[in-house]
Amino acid sequence: MSKVPAELRYLKSHEWARLESDGTVTVGISDHAQQALGDLVFVEVPEPGRRVMAGEACAVVESVKAASDIYSPVSGEIVAGNAELGGQPELINRDPYGGGWIMRVRPEDKSQFAALLDAKAYEAALAAETH
Amino acid sequence: MPLRTPLYETHLAAGARMVDFGGWDMPVVYGSQIEEHHAVRRDAGMFDVSHMCVVDLRGDRVREFLRRLLANDVAKLTQPGKALYSCMLRETGGVIDDLIVYYMNDRWFRMVVNAGTRDKDLEWIRASAAPFDVAVEPRTDLAMIAVQGPNARHKAAALLDPDVATHALELGTFVGMEAGDWFVARTGYTGEDGWEIMLPAAESPAFWGRLKDAGIAQCGLGARDTLRLEAGMNLYGNDMDETTSPLESGLAWTVAWEPQDRDFIGRAALAAQQSAGVPRKLAGLLLEGRGVLRSNQKVIVPAVGDGEVTSGSFSPTLERSIGLARVPVQTADRCEVEIRGRLLDARVVRPPFVRNGKIAIPL
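For the protein sequence lines, the chains are A and B, in the order given. Mapped onto our numbering, the consecutive letters of the first sequence carry residue numbers 7 to 137. Mapped onto our numbering, the consecutive letters of the second sequence carry residue numbers 238 to 600.
None of these hints come from the bench; they were simulated from the model. Backbone N, C-alpha and C define an ideal beta-carbon position, used for all residues, glycine too. Among the hints, erroneous ones may be present.
A few chain B residues that face chain A, going by a derived Cβ cut-off under 7 Å, partial list only [said to hold, decoys possible]: (1) V266; (2) Q270; (3) I271; (4) G459; (5) V529; (6) F551.
Examples of chain B residues toward chain A, derived with CB under 10 Å [as the list claims (entries may be wrong)]: (7) S269; (8) E272; (9) H274; (10) A460; (11) D462; (12) T463; (13) R527; (14) G528; (15) R531; (16) S550; (17) P553; (18) E556; (19) S558; (20) I576; (21) R577.
Using the sequences and the accompanying hints, generate a full structural model.
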């Protein structure tokens, strides 16, 4: 079974989001997503300063076999992309909720974060997907 | 209902991720695809390839039939067990399938065709065989396991009857042998040494388990694809199909033009294409920048024309992205590939990219 940390929020498209103490939102992909993609070999992270809309594709992760878009869970400005992933895309496989984070966004509207799926709802979405 | 090989339950028990492949429920990966890939390049790995269709062809005129059916010439096969790689063509010169055919004896040849093309292949073979009075028998009673890698043959040999093992280890490349109702051949689809072993379906789960215990890594179709791509081997349906001829698919070497009076199916169309000038070729691509080549990406050859990636992936051995692409025949050593709206530089190289564990192109 894949890990779904209770303190995070999620998208149905398998991104996770964490509200940091400075008000920014860190985004990555879930353990389920990294397992489904398999060995990651290339990650393209967005440039800081870019403005993104909630639901906008703004990063790409590629495994040996397939490419997947990563969607921003909130509207706002990109404040950082994880540069470590350039040389070590496998960080996402090894530590999807830690060292494998993809980007950080400064949200325009905090209510968007609150409206994301909680861990229970994401687990239910996963269960529905596999049935 | 998807089709299942005799090893289906074995794969589930091993925790494999299963996917549909040509109507078959097949293991794509057991753990890490990259580790499975390296196991074959560096040591030994095994694949369940029981979805591929083994077809026995029997009759007094079987050789004559195959000289008509196939673009390569089975007249080259004189030693029992010897194998030949060939395309099977429509009259248009389009590729129905690529296959391996073994010469067993003067009344019996054995063919191995792709899983996804099985039905149309059998229909075509049966229709073509009728005038030659050749019996066409798909061997659904057999499983097939490919053991591949520098140490694969020796690890697997320890599990065979000692007499069989001795003979099997002496097999030359592209030669097979019968051993009771088993068949062992020194063939594969990875660019490494190894065997493809056909055996009665009921015996295959136990044999798979013994191979695993002997230190041969279980490998899925994911690794099989990156291995064959590094080896520069075509995948039917990606790199060639009924709309392309072998001459524009990197397979001109498999077309036997001599003797000139051999009238194989598709010959006239290929000869016409040859004399008019083959417009396209299949080339190897090495992506210069960061990114991953994928099927259907557009290739731009400045001042020459456009083409298309037919197979693309990350190469675990090169740690770069590689691919095969159908490009204008005038393409020299550079091109660009459009990836998500951006043009990235790629170098045109001659496959294979990797052979027998070694990088075979300049990086």
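Now for the hints, and whether the structure bears them out:
no., hint, result
1, V266, "6 Å, holds"
2, Q270, "5 Å, holds"
3, I271, "5 Å, holds"
4, G459, "6 Å, holds"
5, V529, "5 Å, holds"
6, F551, "4 Å, holds"
7, S269, "6 Å, holds"
8, E272, "8 Å, holds"
9, H274, "8 Å, holds"
10, A460, "9 Å, holds"
11, D462, "8 Å, holds"
12, T463, "6 Å, holds"
13, R527, "6 Å, holds"
14, G528, "6 Å, holds"
15, R531, "7 Å, holds"
16, S550, "6 Å, holds"
17, P553, "7 Å, holds"
18, E556, "8 Å, holds"
19, S558, "8 Å, holds"
20, I576, "9 Å, holds"
21, R577, "7 Å, holds"
Checked against the numbered hints given earlier, the structure satisfies every one of them.
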